[in-house]
Structures are given as structure tokens and as C-alpha cells.
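2 protein chains.
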Amino acid sequence: MAVGTVLITGGTGYIGSFTTLALLDAGYDVVIVDSLYNSSKVAIDRIELLAGRRPDFYQVDITDEKALDEVFAKHPAIDSVIHFAALKAKSSIIPLEYYRVNVGGSIALLQSMTRHNVTNIVFSSSATVYGDATRFPDMIPIPEHCPIGPTNTYGRTKSMIEDVITDYVNAQRTNLEKEGKPFQQWNGALLRYFNPCGAHPSGIMGEDPQGVPFNLLPLLGQVATGQREKLLVFGEDYPSRDGTAIRDYIHVVDLARGHLEALNYLRSKQPGVKAWNLGSGRGSTVFEIIKAFSNVVGRDLKYEVVARRPGDVLDLTANPKLANEELQWKTELTMEKACEDLWRWVSNNPQGYRQEPPAELLAAIKKA
Amino acid sequence: MAVGTVLITGGTGYIGSFTTLALLDAGYDVVIVDSLYNSSKVAIDRIELLAGRRPDFYQVDITDEKALDEVFAKHPAIDSVIHFAALKAKSSIIPLEYYRVNVGGSIALLQSMTRHNVTNIVFSSSATVYGDATRFPDMIPIPEHCPIGPTNTYGRTKSMIEDVITDYVNAQRTNLEKEGKPFQQWNGALLRYFNPCGAHPSGIMGEDPQGVPFNLLPLLGQVATGQREKLLVFGEDYPSRDGTAIRDYIHVVDLARGHLEALNYLRSKQPGVKAWNLGSGRGSTVFEIIKAFSNVVGRDLKYEVVARRPGDVLDLTANPKLANEELQWKTELTMEKACEDLWRWVSNNPQGYRQEPPAELLAAIKKA
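Chains as they are written, first to last, in the UniProt record's numbering: chain A, 1 to 368; chain X, 1 to 368.
Calculated from the structure, these hints are not laboratory results.
Within a straight-line C-alpha distance of at most 30 Å, the following computed DSSO-like cross-link-like pairs (lysine-lysine) qualify:
1) X:Lys88 with A:Lys66
2) X:Lys178 with A:Lys88
3) A:Lys66 with X:Lys90
4) X:Lys230 with X:Lys291
5) A:Lys66 with X:Lys66
6) A:Lys90 with X:Lys178
7) A:Lys178 with X:Lys90
8) A:Lys302 with A:Lys90
9) A:Lys74 with A:Lys269
10) X:Lys291 with X:Lys330
11) A:Lys88 with X:Lys66
12) X:Lys74 with X:Lys41
13) X:Lys366 with X:Lys337
14) X:Lys291 with X:Lys321
15) X:Lys90 with X:Lys291
16) A:Lys178 with X:Lys230
17) A:Lys88 with A:Lys230
18) X:Lys178 with A:Lys230
19) X:Lys41 with X:Lys66
20) A:Lys90 with X:Lys66
21) X:Lys88 with A:Lys178
Quantities reported herein were computed from a predicted structural model and do not represent experimental measurements.
Turn these sequences into a full structure, and let the hints steer you where they fit.
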């Protein structure tokens, strides 16, 4: 008998697939909806290999309320949603599409949830909602009460969805109170995560970006596998210990566990809306990441320092105290471990999910 | 030959109807779309009486992209949009509906505009996007660079739509530049207005709120006509000259002219996105408004002081310098004139558009 049944939107994506795995391992049943716009159904096969059971899957666009309704109707056991589905690249070029899919899709999801009495939502927000926290004295590492001020469209869609969920959950709780109905209370978790990285230690599941990746570690991975000539380092004139920008890298396995803990908290404590940072609290510079990943690969990786990118900030490091205390969650895997796991993933699967993993990795999983 | 053709969404509402009239008077052709959810088609008859010609009208919900497409297709002369259509009451009770209609509807409108090469949008924003500007030193009267921080759902929808328009206009201009296409450039005006009030001096056109009005002057109007026993004054312990809260009241006829000037500016200067405050720059307290309106009515109006409302702020007065200079627009009608015109409207039309105006008022218009 399952602990509960959870709908995961965007469940075949990078963080979505690891969260699906974490939930299955914890005894939840999982139903995935995903448009496959920027992900692969192969992720589900890998999840099944690792978890020993398969999540349900529907190819559904998050803006399609009718299709969402059908999924909820077919799975009346669903009691919670973890919401990842969103566009995440090119937001400056096609902002209207971002607002339509990310914000409009979230509204559609909440409406469909309402019709099916599903009242817990864990939302995949982002540290980008803080924008440049270095504007404020004493806001590094960043606590949840740091003023919100995203500096790009992607961050603005995340911040808007936080507002929509907050206002809606609060209104639903107030309305129910007025009507004298104690339950079901709406609850929402806003998970602001920092720089997810790493892969599954088995080497068969990891990030599989379509086109050019835009995060540091996947780009470094491509340099290491020879798919990219060199890494561009944007600025070495920041006031940091080595001149490069500081980020808080969090292993995707830790991050997935954070989603599980937030879900458990909503279901057991019924807290209304809560925002939690998911980060390690430790910042690494770009040069430190290059060094750590080069150590794992066993050779120097080529990079070139170029000018700062507009909009980039000096330091995005989390203060994860609230999640540490309330969720009893903290990161357990180091940035170095993330580099190891990433290297195992990209060196064995340079084409991501477009190729079968080496037989010895699969054999090791079956034996375990 | 018309100066241009403008689609006005929400054109039968309070400010929409006065803006329609101002545009017709200035030689524009106007096409109105309105759901009539919170307004009356009778407004169009009154506009026609005053302007001597009739705007086109379609009953269309702003979220219905297909219906919008049909209107644009039927009126290829449309070159600009003035966008009022939005929900504006009960946002704390039904926030999701607000986000769906106000934000989702604006996205739908921009998409439809794009398909029909209509690239100028004047957006009906609000001073509520500033939230409590008294948080900041030196931000009263409020300039456009005052940080945005709405304190309720209605304000958040307005702020989000400002962001959507800003990001989209900027992206469209950048994209066109990249593609080497100089025109047509997108342009957007974000008009943040303060407390619209007053009515048409003819006495046949004014605000016609459904249900209980929630602005000071319409409520006072109902006290004066005997439809309401007394006015509730929320707090007389503010640090103002008489203890009551300060607002910047702007005559709706001045406000409508502000929309016309913003539209002319977009069409002639192609400036990209600009935000302008539309206010008088003069603040009035609640007691000053009660006194001014009582003077016009010729007797004291009953009120009762009760506790402050949560979320209310001390002072919302505009710094209108930017609009004064760039649009060569400033308010010409005083708050006292707004009280006079409001009294002429409500005393002659206590049922708003649900009754015919007195014959002598109609006769005066025909003679003029």
C-alpha cells in the first residue's frame, strides 16, 4: 500500500526524474505528466531500473486543463502535486511564451487541482527569485526573508507563480474557514534551489539538456568528453577569493530528497504556504569547480576568461537553516561527489539518453 | 479620415468609457471589446450622445484569443490597443480567477496583437503597484522609480502585467533589431493612476459600479442620495494634518486625456516601454473629501470613524512630473470640480445606467 500518490509535472526532466525516484524509493506512487518538450521518455526507463517499479506517465502540456483533468480523474488517489513543468531557456527571446506556459500553466494546474480536491502543491521555484542579493547588507548567505527581485524573465515567472500559489492557498484556507469547513486545507511549498548538479551514482541517470547547456558543470562535462573545445569563464574580476563568481552547488540527489521532505511536511503539518531554500550553505567559485572536476577527470580542462555577463552577480549562496530545522533536511553530498557522479554519467553517456548505457553499469544495478 | 483606429478593451467600464469618448473627440476611431461582466452597454449610447458618433462594440472576454483574433481581423485598421479589461473587486477571495483573467487575459491579448501586427499598447496599471511607498524615505509624492511592492492580489496582477508587457516589448524590439527589421517597433505605456473620481459634466455619464462600491466618493454619493446610511472612515489616527489617510484624486476626464496623450506619444515617438504616473500631485484627506462633497450637496453627510483597515497606507500622492513634461499632460480639473460633477451624475442617475437620465440633461446636450 503506497504512502500516498503524487502527480509530478515535468517528471522526466532533470530534477523531476530524480524526485520521482526519491518518491518511489520512499513508498509513494507517482504519476508523471510531461510535454517531453525538453526531456526524454527514456528517463522513465532509467527510473524503473533503479526503483524497481515504474511511474505512470502521460504526455500532457501543463497549459492543457482538459488533459490535466483527465489524469486527475483517472487517478483519484492523487493527493499532492510536485510542479516542475516550465520552460527554462531563452526567456529573454520569447518572454511571452514563458509567461504563457509557466504562469498560465500553473494557473491551469491549480484550477484542475481544485476541481479534483487535490490541495498540496510543492513548487519548483529558484534562487533566481532573489536576483542580486548582494544589493542588501547581511543577505549573503541568502535567507528566505531576503527581498524578492528577479533580474530576468525566467526568475520573474518563478516569482509570479510563488505569488499566485501564496495568494490562492491563503484565500482557500480563509474561505474554508469562513464556510466552517476545517478540511481539506490547502498547502504550498515554495522550494528555492540554488545550483543543482551531479548525477545518479549508478551512472545511468543524469541531466540531458537539449541543445547547448547553460550551466557550468554540464558545459565542463562537454569539455571533458571532447564535445566542446573550452569553457568560457565570465569574469575574473569579482571581489571573491579568486576573482570568479560564487555559487552554491547542490547535488541533485540531495535536492530530490528535499522535495520529498517538503512534501512530507505539507502532508503531515498542513502549514499553509512555506518557502524554503534548498542549498548547501557553502559557496564555490568557478575556478574551484573547474579544479574539482579536473581532479575527477584526471587532467586539466581548457577554459578561457572573458568579460562578465550582464545580469550575473557575485554571490548566490543559500542560508539553508530553515530547511535544516523545519524539514530536518540538509545536504549530505559534497560538490566533489557531484563532480564524480557527473563524470561517471557524461563519460559513460556522452549522448545522454540517446544511447544505451554500458552493459557493466546495467549489470551492477541488477546485482545490487 | 480617422487619426487612427484603437481597440479599447474594457471600453464600457468607468475609465474605459471616458477614454473612448476622449479618443473619439480627438478624431480616432474606436473599437470596444468588453465582457460586460461588470459594466453596461448603455455606456456606449451615452458615448454616442456626447461624441456624436458610435464606437464599434463586441462582447468579448479578454481571455478568448479566438474572439480577439476575429475582432482584429474584422478591423485591420487597428494600430493600437488601450487595455483596461480586468477584474477589480474581491481579489483576496478569488485570487486565482484574478490571475487567470487579468494576467492570462493580457498574455492572450499580446499574442493576438502579435498575429495582427498591432504593436502599441497602453496599459491601465495602478498606483497600487507601489504598495506602501511610505516605507521609503523621500518617496512621497511617489515618482515612477519608487520600488514596486504591491500589497494585495489586485496590485500584484497589475505589476505582473507591467512585467509581461515590459519583457515582451523589449524582446520584440531586440529580436527585430537582430533580424534587421527596423519596424514595426513595439511600444508600451504603463499608466499608473491614483484615485480616479468624478463624472462627465453633462451629468449623463459616470461610474456605475455593480453591487457595493469600494471607493470613497461613490460611497459618499450613495450617502448623499440616501442609498446608504453613513460613510465609514477607516482610521483618524494617521500622522496626517487631520488624522485621516491622504490620496491623490484625479478627475476621470483628466485621466482619459492622459490615456490619449500616452497613445499619441507611443505612436509618434516609438519610445519602447514607458511608465507614467497619472495624478494631480495634490493629496486630499478623507475629511477634506467629505467636506468638499458636502459643500456641493449643500448639507452635512453622515459618517462614522472606525478602525484602520489592514493594508491601508497613510499617503498615496503622485509625483506627476514625468507625465507633465514628457506627455505635456497635467490635471486641469480640481477635486472640487470632480465632486460637483459626481453630484450631478448621482443625483440625476441614482440607479446609474439602469435608468434614463432626466430629459433636461439630454436636451442640454442636443442644444450644445
